[in-house]
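Asker: Listed here are the chains, written in short residue letters.
Protein chains: 2
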Amino acid sequence: MLTMNDISVALEVALSYKELNRSAVKRGLSPSDVTCVTPSAGWFGPSEEGRRVIKVQCFSNQGTPNFYMRPLEGLTMTVDIDKKVVVKFTDTGGEIPVPKATGTDYRFKNQKEPLKIKAINPISIEQPLGPSFTVEDGHVVKWANWEFHLKADQRAGMVISRAMLSDSETGVPRSVMYKGFSSELFVPYMDPDENWYFKSYMDAGEFGMGATAMSLVPLNDCPRNSYYMDGIFASWDGTPFVQPNMICVFERYAGDISWRHSEIPVNGFDIREARPKVTLVARMAASVGNYDYIFDWEFQTDGLIHVTVALSGMLMVKGTTHQTVDQMPSQEAASGPLVSENAIGVLHDHFITFHLDMDIDDTNNTFVKVDLVKERTLPGQSPRKSYLKAKRNIAKTEDDARIQLKLYEPSEFQVINPSRRSRLGNPAGYKIVPGGNAASLLDHLDPPQLRSAFTNNQVFMSRQFISPFSMVHALTIVRVHLFQLSSAFSLR
Amino acid sequence: MLTMNDISVALEVALSYKELNRSAVKRGLSPSDVTCVTPSAGWFGPSEEGRRVIKVQCFSNQGTPNFYMRPLEGLTMTVDIDKKVVVKFTDTGGEIPVPKATGTDYRFKNQKEPLKIKAINPISIEQPLGPSFTVEDGHVVKWANWEFHLKADQRAGMVISRAMLSDSETGVPRSVMYKGFSSELFVPYMDPDENWYFKSYMDAGEFGMGATAMSLVPLNDCPRNSYYMDGIFASWDGTPFVQPNMICVFERYAGDISWRHSEIPVNGFDIREARPKVTLVARMAASVGNYDYIFDWEFQTDGLIHVTVALSGMLMVKGTTHQTVDQMPSQEAASGPLVSENAIGVLHDHFITFHLDMDIDDTNNTFVKVDLVKERTLPGQSPRKSYLKAKRNIAKTEDDARIQLKLYEPSEFQVINPSRRSRLGNPAGYKIVPGGNAASLLDHLDPPQLRSAFTNNQVFMSRQFISPFSMVHALTIVRVHLFQLSSAFSLR
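Those protein sequences? They're chains U and G, same order as listed.
Take 1 as the starting number for the first sequence in UniProt numbering and just add one per residue.
Take 1 as the starting number for the second sequence in UniProt numbering and just add one per residue.
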């Protein structure tokens, strides 16, 4: 993982490099107008191993804090962090204008033209008796029937451990998960250009989800009555430092329904039962350069754990000579759509994988793949020709638990404890429910895909944990093509 | 669509049928203990056409309002609604005990043993200055930059029409959608048994999403400051009647973030910007027998429309002689898992299709399928071997717009107005974003699948509307296999 010191060194080396100044001046900029960032160099074969290099790319901050919209396109430096030298400098983009600053400053205080939109009255989540959760020893969160340990981690961002759910009849806590966190991200951009090909980020391992998680803003990032937790991290030289208010914990009520049932009067019952849905959320937001990832771990009283990643922030745009679509010989030939004058929003994917070390009741857990298969009826058996059947397959090898999701041959995924049975004899277990999902379409032999081969399967189990432990890796994806989405999966 | 009168007639005919009493007494029940419901008969070929028949199945309500958990398994009547006679009576389940009532009463007032769960303090969404939306003429909802017509419909439940979004710079309303509603549901159960094969419900067309939508319960079904709208419907003889508080409209704030960005300090900007997310929701809940469907249409200030269907209520269970899993020769041979003593939760799907008549700016709209395809680089072109490319295909025929989602050959879907261009020259448009989705696995020639063939494609366009109009039908699915889920899609 890069330290802040590595990044500072790379930027110092780059900003004092004379060719950079010359390129800036050529574009009509003074050196103080230039802000640079440090995209990781990726991995493109053994010839690049054994040295610590990073790319540096620059932008104009003239008239805007949103320098991301103003790239000095075509300018890329490769910096050796240890030797503190520029290893390679290329500037092939002299003909491409720096996109204008007009309308790019997103800061609320600088919005001069109010939007023509009817104002929304103040609204908030209120708890007159205060929140219902407690945080003991700074880390142990207790709420309703849940108890878990929460901590900030420099690499993973937020780690949930020893999550336990109380049995609603006996009150005895039962183990659910030993540890859960986002273990890695993979963000390949889809442009083979010299200045773009290497953008194949592994955000957690390269930049750190915790290291890039800035303080949350009360009432804007988290609602009233949130509890804020600091991160205590290590500097490059071992000195500890505090990342204040890095995580927030709050009770969430969105006006939603947890469970309901009404009877229609014809059955003789006048029943209108409904339970409002209140949940507990642990949140952090990592700002990895232009992008902001908002991670939510949400706990429900019915035992469900819902993990959401929302994407925000800015696009990383590519400079172009074109101001309008009509000027482009073929918009399809570009690596993305024109999103502003002289700026292309380059197509890319975000893969986020979660490490889920489930301990259902104890460590004796098993992974079960439940296939939903079409059965055909026998002639004369039924007016129906077909129906679905659930077939359970217990994973015995690593291969059994390498899952490529199939829309037309669907499966469900469970982690069960075969020795803990319910009153009826069913094993205790949790279901892993992938949300909207996708797959990497890169060539399997493409260097970025070789390095991030964990995205070849949407769900997989680590070899050493097939038995008796169950460690599940579940993948979630956000594919960015002009629009930003959020993605989620659930544990139940 | 069945009327309440049809259902009453069917129940009267069934309850006065002597064989039913005999079957009840054989199971130790008195006639007053018996509650019956009217599953639709489905369609199983031309021989069943030309008559109005319905199935009647019964349950014990002894000691519980949750009669769904106490089936008189194996007992099915076929009633001709017009002739008012029982056409067929079968009782093959005399050996199967009626499951016990113990622990099935879900009413809050009857919970005697408090759950061993730490109490949650009061929590609510508060708006000291009141809500920010208005409802004009009882139907026209205006909020922030949105305006739409909302009405209750006996069949569709809730209809959104003439949805318009104001341009944030000029304040001028722009048309987005002419009409949107859930046009049909398909709920096939997966058991070929004589008493189960016909369960292949089309809930909207058979029972009516509006007709089965009971009054919402303030604070439990909808948060404070909700506006409630009645449904005015027609009885079987044309007499109007009021379904009070059938729809609620409210502003939703869940502590979520609409947009955010922080800068890491190394770039020289001290920026922590975040905007809380407030949305407007129109909600209704249909109680189609045992199931409750909660429909939410959520409008965001950034133009996104998010449609969610959450499922609640009770399972429809099948009686069995087995009390525990150990007694079953093979649980896999059953049509679902044992969910309580003598009760099996039968596997089934819920398909919900939405009619979306988009009018982006005007009626000159086109459907575009954007394929994401793998491109390979040329030798020597780049250290990268591959990248994604977006290829746009304008639908010219009905076939072009019949979409079967593919996880490994993904596409995106847009409705655009080719004659309304942005400053850059991009067409105005909305993207249709299916959420977690699935496909019907029934045989295409199975009668239920023939009748609900609209589920053969997840997205399709009606023939007469390919051009110049764009009418999209988007499908969402909830597959129920022990666990209940919610499903969603977005328009953006």
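The set of hints was computed from the structure by calculation and includes no laboratory data.
Treat each hint with caution, since some may be false.
[As the list claims (entries may be wrong)] A short, non-exhaustive set of chain U residues, derived as facing chain G with CB atoms under 10 Å:
1) S8
2) C36
3) Y106
4) I232
5) P276
6) P410
7) P447
8) R451
[As the list claims (entries may be wrong)] No farther apart than 25 Å at their CA atoms in a straight line, the calculated lysine-lysine pairs in the BS3-like style are these:
9) K396(U) <-> K369(U)
10) K406(G) <-> K391(U)
11) K391(U) <-> K406(U)
12) K374(U) <-> K406(G)
Beta carbons are placed, not taken as given, at the ideal position from N, Cα and C, and that holds for glycine.
Asker: Does each hint fit the structure? Answer for all of them.
Answerer: Results of checking the hints against the structure:
The beta carbon of S8(U) comes within 6 Å of a beta carbon in chain G, closer than 10 Å, and the hint placing it at the interface holds. Annotation: interface hint on C36(U) holds; nearest CB of chain G at approximately 9 Å, less than 10 Å. At its closest, the beta carbon of Y106(U) sits 6 Å from a beta carbon of chain G; the interface hint therefore holds under the 10 Å criterion. Because the beta carbon of I232(U) sits about 18 Å from the nearest beta carbon in chain G, more than 10 Å, this interface hint is broken.
Below 10 Å, beta-carbon pairs count as interface contacts, and P276(U) has one with chain G at about 6 Å; its hint therefore holds. The beta carbon of P410(U) is positioned within 10 Å of a beta carbon in chain G (closest approach about 6 Å), and the interface hint is therefore held. Of the supplied interface hints, the one on P447(U) holds, with its beta-carbon coming within about 7 Å of a beta-carbon of chain G, less than 10 Å. Because the smallest distance between the Cβ of R451(U) and any Cβ of chain G comes to about 12 Å, over 10 Å, the interface hint for this residue is violated.
With a CA separation close to 11 Å, the supplied pair K396(U) and K369(U) stays within the 25 Å bound. The suggested pairing of K406(G) with K391(U) holds, with an alpha-carbon distance near 24 Å, which does not exceed 25 Å. A threshold of 25 Å between alpha carbons decides the hint, and for K391(U) with K406(U) the separation of about 15 Å falls inside it, so the pair holds. Between K374(U) and K406(G) the alpha-carbon distance is near 19 Å, which keeps this suggested pair within the 25 Å criterion.
This entry does not satisfy hints 4 and 8, going by the numbered hints stated previously.
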